[in-house]
Amino acid sequence: MIEAENLTKFYGALPAIKDVSFSVDRGEVVGFLGPNGAGKSTTIRILTCYMPPSAGTARIGGLDCFENSLEVRRRIGYLPENVPLYGEMTVRGFLSFAARAKGVESAQIPKETERVMDVCALTSVSHRMVSHLSKGFRQRAGLAQALLGNPPVLVLDEPSIGLDPKQIIEIRKLIQHLRGEHTILLSSHILPEVAQICQRILIINKGRIMATDTPASLTNQLQKSSKILVQVRNEDAPLGSLLKDLDGVQQVVPRDDGPGRFMVETDRSRDLRPEIARFIHEKNLELLELRMLDLSLEDIFMQLVTEEMDESGVPSSSLPESGPGEGDGKQDQNVQEELAS
Amino acid sequence: MKGFWAVYRKELHSLFASPIFYVVAFIFLVISGYFFYSAVAYFNLVSFQAGRNPAVLQQLNLSNMVLRPFFMDLTIVFLLVSPLLTMRLYAEERRSGTLELLFTYPVTDRATILAKFSAVVTVFLVVLVGTLPGFFLLEYLTDPSWKVILCCYLGFFLLGSAFMAAGLFTSSLTRNQIIAAVLSFGILLMFWIISWMQSLAGPSLAGLIQYLSIMEHFDTFSKGVIDSTDLLFYILFIAFFLFLTQRQIESYRWRG
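Quick note, the sequences are listed as chains A and B, same order. Oh and the first sequence: position 110 is 110 in the numbering used here, straight run, nothing missing. Oh and the second sequence: position 73 is 73 in the numbering used here, straight run, nothing missing.
None of these hints come from the bench; they were simulated from the model. Just so you know, not all the hints are guaranteed correct.
[Unchecked claim] Short, incomplete list of chain A residues facing chain B, as computed with Cβ under 7 Å: (1) Cys-49; (2) Glu-88; (3) Thr-90; (4) Ala-101; (5) Phe-279; (6) Lys-283.
None of the values given here were measured: they were computed from a predicted structure. We treat Cβ as the ideally placed atom computed from N, Cα and C, and that holds for glycine.
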């Protein structure tokens, strides 16, 4: 439904994106992930016909974004970053204008406006001036204008930026509710958000696509070693040095989030948990916890970004190191469960 | 022309919702009232004085002594206030980022430009209608030539529309409304004072300068004459600036 082929865009002499290629199938929800300034908005602006690419082609539903610009724009609902809206209009007035501009038949406009206000829970503020709306309502008004005319493709640029946690959850629910009816491309620099909403992730950094896959298999691919969390009751036990001798263990790192807790890095090819349990039992230590830690998306992301930095000659140590936290692991499991369901 | 009406209605709404329109209309109408009164009062005085001299009385002409000075004065006022009406058209959309919405709606750039231009011209017409009551009063007191009055209005409408087209163009150049207004004022003033150079230039250049002068062409209308040269000048002037605006918007899109 969305196809990008070798998209390149120069701002002056500076390339914002280089050879960006990807595709999104009908009905898919894809997350577009990258640090600030990576080229997400540039790519999105090309796809939404805001500006033409310097090179490459972008197609929506088989139509070229440059040559069939008007046709493409009719098929896209777009929520720009920072949600620009006409402040001097009421919510209803603004949505009616947007519907008219999008070519909704004039007899259908009141009905269509009501429908999107209903979906985005805007009915209570329909007579308020857009400039007086709170950030959360503004965001919803922006989403509502994108939904007008029921376009098959939705492109949302940072839909949850600047919202408070409650509003973020609301907007995520709203987007999840839209899944299925629309093909959605959603950009964000917040990983858990993308992981929760999207079936597939595109990671972009410095204008290049670094990786594209489902959250689960990205984790799988990039995990070079398995990490196992071990906690024993006997705090002074020299478990670290004992475990190191076990076959398949690469590294044992004591963790600072509690006494007697260790992170054991092992060979990816086999699951060492039974052996570790047996080993601890043989040493007469009381085992309290033993579980696999998943590499979180944050780690994958950092890994990809760091590798890129290494290539360009910047020392990777300049980036903050991030180890897989307990919470991240849990979150990732949640994601996988959610995706499975 | 997909989306013309949508953008036109939105622009009208924005123009009438903004306090700028009311301030501009108020100042313009107050000053135009003053000019109208002073022109009529002066005509009145001269008529009384000439009452004893039938030869002079014959030469007194309402069109020449009231209509022409009145409309000439109005053009000066309008030169000053028209950049205030046009400055926000594109500059505000660029500043607030709403241009991104317009650019991604299924609306052509040409439709947007024409809609914005038509909307601001509509607003100008509304202001212009406000000057009509004076002439109804004149009709009650004496017998003015409505053909000349309408001719003056047509000329003033074309002149004002030309101002608007130039203002629309400067508004598309920047995201700052003040810069847009100053640029537009500068361009209009240039087209106004260019005729001052006429006496210094050679014969062929003088002809060109005279043709370019935005006021020369209005002068003909204010005498009650509709000349196709003048009509064409204003139409070309408007078309030229609308074309420049379209190029500018296109270039803005490419630069991203």
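Comparing the hints with the structure gives:
| no. | hint | result |
| --- | --- | --- |
| 1 | Cys-49 | 6 Å, holds |
| 2 | Glu-88 | 5 Å, holds |
| 3 | Thr-90 | 10 Å, violated |
| 4 | Ala-101 | 4 Å, holds |
| 5 | Phe-279 | 60 Å, violated |
| 6 | Lys-283 | 64 Å, violated |
The structure does not agree with the numbered hints 3, 5, 6 stated previously, though it agrees with the rest.
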